[in-house]
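Student: Given next are the chains, with one letter for each unit.
2 protein chains.
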Amino acid sequence: MEIKVNTGILSANEQKAVENRKLFKENGVFAINLMGSPGAGKTTVLEKTIDYLSGKVRLAVIEGDIYTSKDARRIEKYGVPVEQINTGGACHLDAKMVSGALSKFDLTGLDLMVIENVGNLVCPVEFDLGEDQKIAVLSITEGDDKPMKYPLLFRESGAVILNKMDILDFTDVDLEGLRKDIHIINPDIKIFEVSARTGQGIDQWAEWLTDRVKDTVK
Amino acid sequence: MEIKVNTGILSANEQKAVENRKLFKENGVFAINLMGSPGAGKTTVLEKTIDYLSGKVRLAVIEGDIYTSKDARRIEKYGVPVEQINTGGACHLDAKMVSGALSKFDLTGLDLMVIENVGNLVCPVEFDLGEDQKIAVLSITEGDDKPMKYPLLFRESGAVILNKMDILDFTDVDLEGLRKDIHIINPDIKIFEVSARTGQGIDQWAEWLTDRVKDTVK
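Each protein sequence line maps, in turn, to chains B and F.
Residues in the first sequence are numbered consecutively from 9, following the numbering used here.
Residues in the second sequence are numbered consecutively from 9, following the numbering used here.
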């Protein structure tokens, strides 16, 4: 009974995700789904990325949060179009929520759509939003055992941003072990060592993202 | 339809939680449900707490994880009884899983049961496991906006452990603002400033916990 219901929900989501994907493709928009724990630094990474891409890539943002619009207000200051989705308790975005937000943008004038998911290392991974690429953000302060404990996000993502590298020396994290574990889970994943606070490594990540955007035929 | 199904699931969980609570009460065991993001430091806090309580409080541990038994292996080294629950993908423990684990302990010889939930700031809060007290662990590296963004855990918890205080100076966290936000959400919550790495503040938290355990009639 439970399985049947869950399958139903997933299928409805999949259907909506296909529609979103089609919409992105028709408008030549590259879409990423930014995921990670609460406090991994998703919004700060995004702020620095917007700064870097300013004048080069036309982007918009969908902010997913359970209740507040704190993150959307942070992004608005950068002068990019932003829509807030409040899930009202739900621990992840779904394709229908994203579809509703998409209708409020003029997609023809965009190159990149960044969807920042609810802070959660588990549930969001299972819901396709229609994005081209899942991107994981992991703060090194979360500890080097996290990829093996929560492998699905790392298996599904095209890149992982290791954030808060500026305080690596004040943690017990084994960076080489962490990198190795991530590559065991997903040999093809690109790893970026970043500090959104100091700006370190943002250029490499943003350039990689720009290349992906450029590959999307307008 | 969805609502009906969800209500059904919650009720089944509630029923099992009542059974667990009865079992704890009959055996004079105080039970806590330790919750927080991946990497908040739940297991390290637990290790230091076990060290502190050694010889004073007879405790056992239920470790909740999605796939691995890494945390249970860490706890085993301390010579306390431990049972691992692997949720196999699910983002939270439920009362039925805990009930299964409980059957493997001799509860008559215990004072305290610590249930370490799956790393997740959202979903676990909604599932009563039959515990006496929910305890939140928040790493200060997660940022001072987290209580307002994920209020439910803080509203439901009897205490919050602010972990990784030893690296506060290397973050932009406004500690006073963070404390204030937590108290707005829950004026009665007890806040402990801790570093599980250095041991700072573990004594105050562990003494508070010991007092709760002593209040439980054997």
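Note that these hints are calculated values from the structure, not bench results.
Among the hints, a few may not be true.
Pairs count within a copy or across copies, as identical chains cannot be separated in the list.
To be verified - With a Cα cut of at most 27 Å, we get these calculated DSSO-like pairs of lysine-lysine:
{"hint": "1", "residue 1": "K188", "residue 2": "K85"}
{"hint": "2", "residue 1": "K222", "residue 2": "K112"}
{"hint": "3", "residue 1": "K188", "residue 2": "K78"}
{"hint": "4", "residue 1": "K104", "residue 2": "K188"}
{"hint": "5", "residue 1": "K198", "residue 2": "K112"}
{"hint": "6", "residue 1": "K85", "residue 2": "K30"}
{"hint": "7", "residue 1": "K33", "residue 2": "K112"}
{"hint": "8", "residue 1": "K198", "residue 2": "K78"}
{"hint": "9", "residue 1": "K30", "residue 2": "K188"}
{"hint": "10", "residue 1": "K78", "residue 2": "K222"}
{"hint": "11", "residue 1": "K33", "residue 2": "K188"}
{"hint": "12", "residue 1": "K104", "residue 2": "K198"}
{"hint": "13", "residue 1": "K30", "residue 2": "K222"}
{"hint": "14", "residue 1": "K33", "residue 2": "K222"}
{"hint": "15", "residue 1": "K33", "residue 2": "K198"}
Student: State for each hint whether it applies.
Tutor: Hint-by-hint comparison with the structure:
1. K188 / K85: Only across copies: K188 and K85 sit 26 Å apart there, 38 Å inside one copy, limit 27 Å.
2. K222 / K112: Within one copy only: 24 Å inside a chain, 57 Å across chains, cut-off 27 Å.
3. K188 / K78: For K188 and K78, only the inter-copy Cα distance (17 Å) is at most 27 Å; the intra-copy one is 35 Å.
4. K104 / K188: neither (36 Å within a copy, 36 Å between copies)
5. K198 / K112: For K198 and K112, the Cα distance exceeds 27 Å both inside one copy (32 Å) and across copies (43 Å).
6. K85 / K30: neither (30 Å within a copy, 53 Å between copies)
7. K33 / K112: within (17 Å within a copy, 54 Å between copies)
8. K198 / K78: This pair counts as between: shortest inter-copy Cα distance 26 Å, intra-copy 30 Å.
9. K30 / K188: Neither: 36 Å inside a copy, 46 Å across copies.
10. K78 / K222: neither (31 Å within a copy, 42 Å between copies)
11. K33 / K188: neither (34 Å within a copy, 46 Å between copies)
12. K104 / K198: neither (29 Å within a copy, 39 Å between copies)
13. K30 / K222: within (18 Å within a copy, 61 Å between copies)
14. K33 / K222: Classified as within; 13 Å inside a copy, 63 Å across copies.
15. K33 / K198: within (23 Å within a copy, 51 Å between copies)
In summary, the numbered hints that this structure violates are 4, 5, 6, 9, 10, 11, 12.
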